[in-house]
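Using our numbering, the first residue of the sequence shown is number 1319, and each one after it goes up by one.
Heads up, a few of these hints could be off.
[What the hints assert, rightly or not] Distance condition first, Cα-Cα at most 16 Å in a straight line; then the derived EDC-like pairs of lysine to aspartate or glutamate:
no., residue 1, residue 2
1, K1378, E1361
2, K1388, D1435
3, K1382, E1361
4, K1382, D1350
5, K1365, E1376
6, K1382, D1356
7, K1384, D1429
8, K1384, E1361
9, K1378, D1356
[Unchecked claim] Pairwise CB distance ranges (calculated):
no., residue 1, residue 2, range
10, D1371, G1342, 22 to 30 Å
11, F1401, F1374, 35 to 43 Å
12, D1371, F1401, 25 to 33 Å
13, I1372, D1325, 40 to 48 Å
14, L1357, Y1323, 17 to 25 Å
Derived by calculation from the structure, the hints in this document are not laboratory data. Backbone N, C-alpha and C define an ideal beta-carbon position, used for all residues, glycine too.
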Amino acid sequence: MNQEYHDRTKKLGHKGRVLAQVIGRYGGASSDLSLILDLVARELARKHTAFYDIGFSEAKAMFKQKLARKWGHAIARGWATLFLGRLRDFVVAPSSVGGNSSSLHDSQGVDELATLDRYHHFHGHSGLCA
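All chains should be modelled from the sequences, with the hints used to inform the complete structure.
Following this line, the structure appears as structure tokens:
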């Protein structure tokens, strides 16, 4: 690895380790995401217990549950958006209004095959489409 990268992580992280949230395709997440969730819940609970008559552990559990639900929904929506976007990139429906077979146009007149070719030019083929 690059020496500059190692120097920077030693400055930012703890003993060369930096927390990073990594989300898997099927809902799996890195252990660092759990640590970040715990850190955020702890800070929210600390602020909450300053104003309300509730124990710290109960407040922390409440915030962990709320954050886990919100973050889980956001992660699921993010993956769904990505998959739908990719589906639109790789699935080309034939034109229903007698268009020619070499170039398909959508309702706004956008040449979908040319758009797909431009996408592959800049991003490469993913194996889903030959």
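Now for the hints, and whether the structure bears them out:
no.: 1; hint: K1378 x E1361; in the structure: holds (8 Å)
no.: 2; hint: K1388 x D1435; in the structure: violated (37 Å)
no.: 3; hint: K1382 x E1361; in the structure: holds (11 Å)
no.: 4; hint: K1382 x D1350; in the structure: holds (14 Å)
no.: 5; hint: K1365 x E1376; in the structure: holds (13 Å)
no.: 6; hint: K1382 x D1356; in the structure: holds (7 Å)
no.: 7; hint: K1384 x D1429; in the structure: violated (45 Å)
no.: 8; hint: K1384 x E1361; in the structure: holds (14 Å)
no.: 9; hint: K1378 x D1356; in the structure: holds (8 Å)
no.: 10; hint: D1371 x G1342: 22 to 30 Å; in the structure: violated (40 Å)
no.: 11; hint: F1401 x F1374: 35 to 43 Å; in the structure: holds (40 Å)
no.: 12; hint: D1371 x F1401: 25 to 33 Å; in the structure: violated (46 Å)
no.: 13; hint: I1372 x D1325: 40 to 48 Å; in the structure: holds (44 Å)
no.: 14; hint: L1357 x Y1323: 17 to 25 Å; in the structure: holds (24 Å)
Checked against the numbered hints given earlier, this structure breaks hints 2, 7, 10, 12; the rest are met.
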